[in-house]
Each structure stands twice: as C-alpha cells, then as structure tokens.
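Enquirer: Letter by letter, the chains look like this.
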Amino acid sequence: MSKLLVSTSVNGDPQQFLCDPDTTLLDALREEMGLTGSKEGCGSGDCGACTVMLDGRMVCSCLVLAPEVEGRQVTTIEGVAEGSRLHPIQRKFLEHGALQCGFCTPGFIVAAKALLDRNPDPSESEVRYWLAGNLCRCTGYDKIVRAVLDAAAELRQDRRAVA
Amino acid sequence: MNAPAEKKLFRLVGTRPIRPDGIEKVTGKAIYGPDFVAPNMLQGAILRSPHPHARIRGIDTSKAEVLPGVKAIVTGADFPELDSAMVAGGEAPANIKYMARKCMATDKVVFDGHPVAAVAATSATIAEAAIQLIEVDYEVLPHVIDIEDALRPDAPILHDDLFTQGLPELPTTPSNAAMRVEVRRGDAARALSEAAAVFSGRFTLRPVHQGYIEPHACVASWHADGQAQIWCSTQGHFTVRALTAGILGMEIADIRVVPLEIGGGFGGKTTVYLEPVAVLLSRKAGRPVRLAMKRDDVFRATGPAPGAVIDIRLGAGADGTISGAEVEFKYTGGGFPGAHEVYAGLHCTMSYYNVPDAHIVGWNVLSNIPTVHAYRAPGAPQVNFAVESAMDELARRLGIDPIDIRLRNIARPGDTGGMGMPHGAIGYAETLEAAKAHPHYSAPLGPNQARGVACGSWGNYGGPSTAAVSVAEDGSILVTEGNPDIGGSRASMAIMAAETLGIAYEKVRVVVADTSSIGYSMGTGGSRTTFATGKAVIQAAEAVIAILRERAAKQWNVAAGEVQWGGGEAVHGDRRLSLGQIAAASGTTGGPISAQAAIDPHDYLPGFGVHICDTEVDRETGQVSIVRYTALQDVGRAIHADYVEGQIQGGAVQGIGWALNEAYVYNQAGLLDNPGFLDYRMPVASDMPMIDAVMIEVPNPAHPYGVKGVGETPIVPPLAAVANAVSGAIGIRMCDLPITPDRVYGLLLAAE
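Chains as they are written, first to last, in the working numbering: chain A, -15 to 147; chain B, 95 to 846.
Please keep in mind that the hints were generated in silico from the structure rather than gathered at the bench.
Hints may be right or wrong, so weigh each one.
Beta-carbon label-pair distances, calculated as ranges [claimed, not checked]: (1) A:GLN0 x B:PRO162: 22 to 32 Å; (2) A:ASP105 x B:PRO538: 43 to 53 Å; (3) B:PRO538 x A:ARG143: 32 to 42 Å; (4) B:GLY380 x A:ASP6: 52 to 62 Å; (5) B:GLY152 x A:ASP6: 29 to 39 Å.
Being a predicted model, the structure only gives us computed values, none of them experimental.
Built from N, CA and C at the ideal position, the CB exists for glycine as well.
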C-alpha cells in the first residue's frame, strides 16, 4: 500500500506529510508532525480529547481521515496561544485551577475557543451543552465551566475596549 | 470559590497560585504516556483473548514471525517461572505470580481481553497485522461473571489451586471465593433483637471503571548489559520498577523508570499491565518498544472497581442511637486473587459511627472479569452505599432528621468509632454541623424533587516518601520529589516549601524525578502525597534552613545558634542576609546547599465528607437529574484551595456517575458489551450542576500545615446521597446501582 502525500495548513503554516489512506488526522498530527497536544482518549469521537478546528469547524481529529485535510486549514491546541502569549481561555483555566491531570485540557480549550468565537456571551447551560462532547474525569466540570464563563467575560471586555 | 473565612495563619498555605506545570498543560506541550518517542522505536501490539475463560493448548506464532517488519514476539512462555511471592507495590503488597499472569496469560485466560501474545514491529500497522497472524488453540471453558453465580457449588472454578483464605479451617476443595475477612465486636444479634427499629436490605452494585481519559502507554528500552529504561504514565514509578523487576527477575537498580505526565489514574495506574511486556519485547528486538492501549483494551483488561452484593441489618434505639449492625459484603475480585478492597471495605464499614455491637464479614469473589484494581477509596463506596442507605431508612422510620441521626452516632475525638480504633483530631461532627447550617439543606424543593444526604470517610495514608530541596546559586529553590503529579501536587509542594523557607512561591520549582534520581517514594495514591511527601518536602526545607543559618553565621563570624531564620532571611541582631546572598557566597562558606528527607510517617488522620444532593425524577421516563449538589469535607487544611475543591468536585461527580450511569455490562458469552465511552457513560458537563465544595478545616496536628489528605473521601458519600434523594422522590428504596432510567421507570410501573 503506497503512501499518500498530503499538503495542508496546520496552525497557519504550510505542512506536507505522507500517510496511509486510512490514517486518521489525529495520528498524522501526533506521529507525522509531532503535534502531541491533541490526545487520543477513545479513538471513536466520544471523549473530545483530540478536538481540532478544520476550516473553522470543530471536529474530533480521530474521526477525520488525514487525506481529507488536503488543501484545508487545521488549527490545533498548539496554535491557540499567540507565540508565548496565552489565549485568555488558557489563562483562565490556570487561574481557576480548571485542570487536574490536564490530559483532556487541550480538547476543552480548543472546544471552548470555538464556542466563544461564535457566541461571546454564553449562558452556563450553553457552555455545558457545547462542552458535553468533551470528557473530563478529574474536575467534575465545575471549574472548567467557570473558567470558560470568566474567559468569555474578559474577551467581551477586551472587545469593548477595542471598540 | 469557597475559601474559608479563616484568619490568615499562613502566607501561602490555602492560597490559589498558578500551578508550576500549568503552562505546559494548557498549551499542549506536556508529554503524557502516549506522547513519548524514543529514537529507533518499534511499535507494539497485544493479542488479547476473545474468550472469558479458556485453556491455552498452544500458540503458533510462525506466520507472524515471517511477516516483514516484525522484530519480536512474546508469549507467556517468555516470562520466567515465578513462585508466589509478595512484592511491595501499589497501595498494597501484590503476589508477583498473579501480577505476571495478569500481564500475559500462560496456561489459561480468565477474562475477555486477557493478553496472550505481543508483537513489536517497525510500524503499528504491521504490529496489528502480525497479531492477527498468531494462532491460539483455545479449549473454551464455561465462564462465570456475577458474584452469586461464582459462589454456586457447580460454578466454573477459575483456579484449581485456589482455596478460600480466612476460613476457620483450610478448605479441601478449590473455590472462587479467594478470601473471607471478618470483624466481630460485642453481640450484634442480641443488639438487633432489642432495637426499636431495624432495617434489613440487600444492595447490589456493578463493577465500574476508573475512567481516566489517558489510556495506558509506555516505552521500554532494554540494553545488552541487562539494564532497562521505561518511560510511562503511572501513579507510582517505583511500583512499576518493583513489579517489572519482580516479574522479569531483574535487579531493581537495573531498571530506571521515568514518569511521564499522567492523564488520570484514580488508583487504576498503581500497577503494571504493559511495562514488563514492553521490556521483554525490547530485549528480543534490541530496540525501544512502545506499547499503548486503545480505549477498549482499557475497559476490557484493566482494573475495574469491584461490583458488590451487600446484605445489611442495622438497628437503632428510638432516639436514633445505633445499637447493632450485621453486614456481609461480597466484592468481585476479577480473574486473579489479591484484590485488597475487602480489607478497606471492612475498615470503612461505619468507621465514623460509634457502633458497639457489630459483625462484619467481607468476601473477595473471583470471576471472569479483569482483576479488579484500586479506584479512589478502593472498597469504601460500595459498603458505604448500603450503610448510608440504611441510616436514611432508620431516620425516616424513627422520624429523625437525617443529619441529626448521624450527629447522634458520629465518632468524636477520643471515640473509637466503628473499627474500634481511637480517633485523633477528627472533624466529623463539625462537618455534619456545617452541612446542617448550609443554605442548601433548608432550601425549598420543586415538584418531583427530593433531597438526599449521606456521609462517607476514607482512612487516608502516610507511608514512605523522599524529597530533596536544593538552593541554586542565585537563591532560587529546586524541590525534587518522587510522586507523579496527578492533580496539582507540584503546586502544593511549592507552596509548602516556600511557606517553610519564607520566600515567594515563584522562587520554588518542583521536579518529579525518575526512580534513579530520587530515593524511594510510594506511589501517588491513598490520599497520601500532600501529607507524606509534603512532610518530606517540609523537613528537607527545614534542614536547608539549618544549613543557611550556619552559612550566615560563618559569614558573620558568629555562632550558628545566634542566627534566626525569618522572612526568607538569616537574622542576627540588625543584620540580614537574604537567601540569595547566602547562596551567592556558598562557594566560600562550604559549597552547595541542599538537603534530603526520607521519611515514613504514619500519623495521618482520616477524611470525612457529608454530601447533600437534590434530584429530580422524570416520572414519564425514569430519568434522574441532579439539580443541586453540595459536598462538605473535613480536609485538615487546604494547601492549594483550588485543587482541594477540585478533588472534592471531581470525586463527587465520579460518585454520581457510579450512582446513575456507570456499569460493566457483560453479554451471555461473557464478553464486555460496553468497552467504550459511548456505552460506558460517564458524566458529561451538561449532566451536572455546579458542585459546591465546602472545605471544613480541622487541622491534623501531626502535619506542620495541618494536612489530612482529600482525594478519596469525596467518592464515598455520593452513591447513597443520590440513592437517598431518588428514594425520597419516588418513595421506593433504591437498592441497586446504577439508577438508570429503565430501572426507575420499571420500579414506578411496578408500584402503580
């Protein structure tokens, strides 16, 4: 079985990689590109630890075949911070102690950013339902939800300051 | 968000600084078990049994061996013959023979998913293809899953050399009952016959999984001189070292285990599954080998917590004073003996109540499921579900408030409690009083809503820990410890070191060192790390202060006894020398400044929690929702308040999942029917309300900052708290977990 050459964009940078036709995007990110921030908790789209953005849409990268990203834009947890400057969601996760083991955290942060990019003022209930596809076994979700709501408030304030 | 309104006793203890490993974990840089890569690494795969119970007549690996890219194949025949011997490891000693057979079957498989062979190849695809080419000749045997079935006289016997331990006389026929344990105090039967009210009931629970999101993974590299290195995700890398050395007959110092970041464990990562297999593969292949589980491997082949059948008779006088208790609990043990949950179950049964007359019996019952393994307060939640349900019934029958009846019976300092052991500075009554005063307890309820209350306790632990504190040349501080950080413990260690030294939190950096870089430390478990390893860090910091005072004395040319330490400075009269100044001069005052503490403290104290749960039952579907939840806990003293609350919240939600959703479901063929997160349904964010975590601080006087340990207690009360609420809502006692919609709906229908 010969490999496929895939040309894509990952976190804004052009990327080329070789993969088998049945390689998942998650495996390509982790094994071919060394981007191990996206995690595999289940491999079946149930835990959300592998959440990435594909052309601005939130997907489980374990459910996307790597060849499907040809010519498209992928954003992973490694692309959320701007250089060494944390995104407010990342900072709020730290300030609220919203992670314990931290394994699910990248998926939660990518998913939470996707929410706040489209809904800057979510209710607690909206946060909980949006994040229902991300499993966390350590925190009981309390501090995660608070961190996301707090990040949303800060981002709204930043936008007002700019406007 | 519930910082105690206590006067400021400490500068840093109890605050909420950013954890030192935080940035790596929110940016995706942290390296967890499945992330580690070694140069020239091979990929491994494990062939697992498709049968719950079978004899292995033969394994033919010849086709796999010739597949291009295959570099090594291992079966049970490659493991050294082992006699039964106990090896220290995990949260209790383990029989090394059973540990080895759990990692790789030899003559028999005893559960669906039991490893029978492993392959290392140049790619994961080739490794997966190779295991499909291995032919195993199985003689399929009858299997047994449930506890009561496993105890029947005609039940299939898992091990024909296993005889029940703990009986008055050594039995002559083998049994699936691996062990019986018992405590008898006073005359429970007489006490129950004289009680004003007696509740009798049978409670059942299914096995549940720890549910950590990170599957087990490791890389092993064996070298021709007989030494090996292992990189893995574990709660105890010293445990991995000891068990791997024991299973493979290696010297302990020949194995170096490097702990990677760990993606959850909850007790489930205090043993080995992959590491000895990976070392053997690496030895055969001469290259590093990665073994990583998929999610279904985790469910099928790693330790669930025991399911249980519990019979209880609990009696009380008219005023609610418990008079006597008879409890017999049977816990699933899984495929091999050695589960220590029955001991903990015995010790946790009403440990926090004064029960003069009690008879408690526990059984460890083997069946064709994976060997059960520690899960957060191992053995406590099951029996506590029965006890706290019975307390709820007694309160209802006697017309006493559920918290009042518990206050009447609760152990106070000096009391011996249910296990006959004297308690020290315990805060049980304080926690119950705080629950009673909490606004939640008196808040009005809506239609179809009801409130449940339950207590729970965990003994906590101390045990061996080593820590070192080193002063860098500029006066910044490095703490080196041997306990994997599973939920913010680096932050706690940094707080305790900085508090002791009198310096800023940010001046302290904490490293979790590998097994060859720090002395022995028991694993991260038993709610022991902040207590025991924290004590080691504090003692090492105090030893460093003694050196700093000597060095300052030398610089000032005065006696060391005249130099005080305060505010991060040496003080002599009006003179001050900062840590940085002393460090900078260390080259001329005696060299590097560091100290190590290797300790084994046992003056720990138990934790105690009271949970208040409001549920709403949809009578048309049987669906139960948690509408409000408050968890109060005697935490001793919180070092990092966020991570203490986080433990309480996380433990409570795991317990809620156990109560409402989670269960191992085996089909008629004895195969696990729900080995994935879709069908093994853990709580998700939209299932839960905020969990109000209330810290009650009754400090442990044996710890410089009052630590008791917090991690395990919070999973003990929720099972009964939820069940009591649902029972109150529909007027039917919930005796069987999980309380799924179909079960509730069926009970409502039957009651009509």
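Enquirer: A separate judgement is required for each hint: does it hold in the structure or not?
Expert: Comparing the hints with the structure gives:
Checking the proposed 22 to 32 Å range against GLN0 of chain A and PRO162 of chain B shows it holds: the Cβ atoms sit about 27 Å from each other. The hinted range of 43 to 53 Å is not satisfied by ASP105 of chain A and PRO538 of chain B, whose Cβ atoms lie roughly 30 Å apart. Look at PRO538 of chain B against ARG143 of chain A: about 40 Å separates their beta carbons, and that is inside 32 to 42 Å. Taking the beta carbon of each, GLY380 of chain B and ASP6 of chain A are about 30 Å apart, not inside 52 to 62 Å as hinted.
As the Cβ distance of GLY152 of chain B to ASP6 of chain A is approximately 33 Å, the hint placing it in 29 to 39 Å holds.
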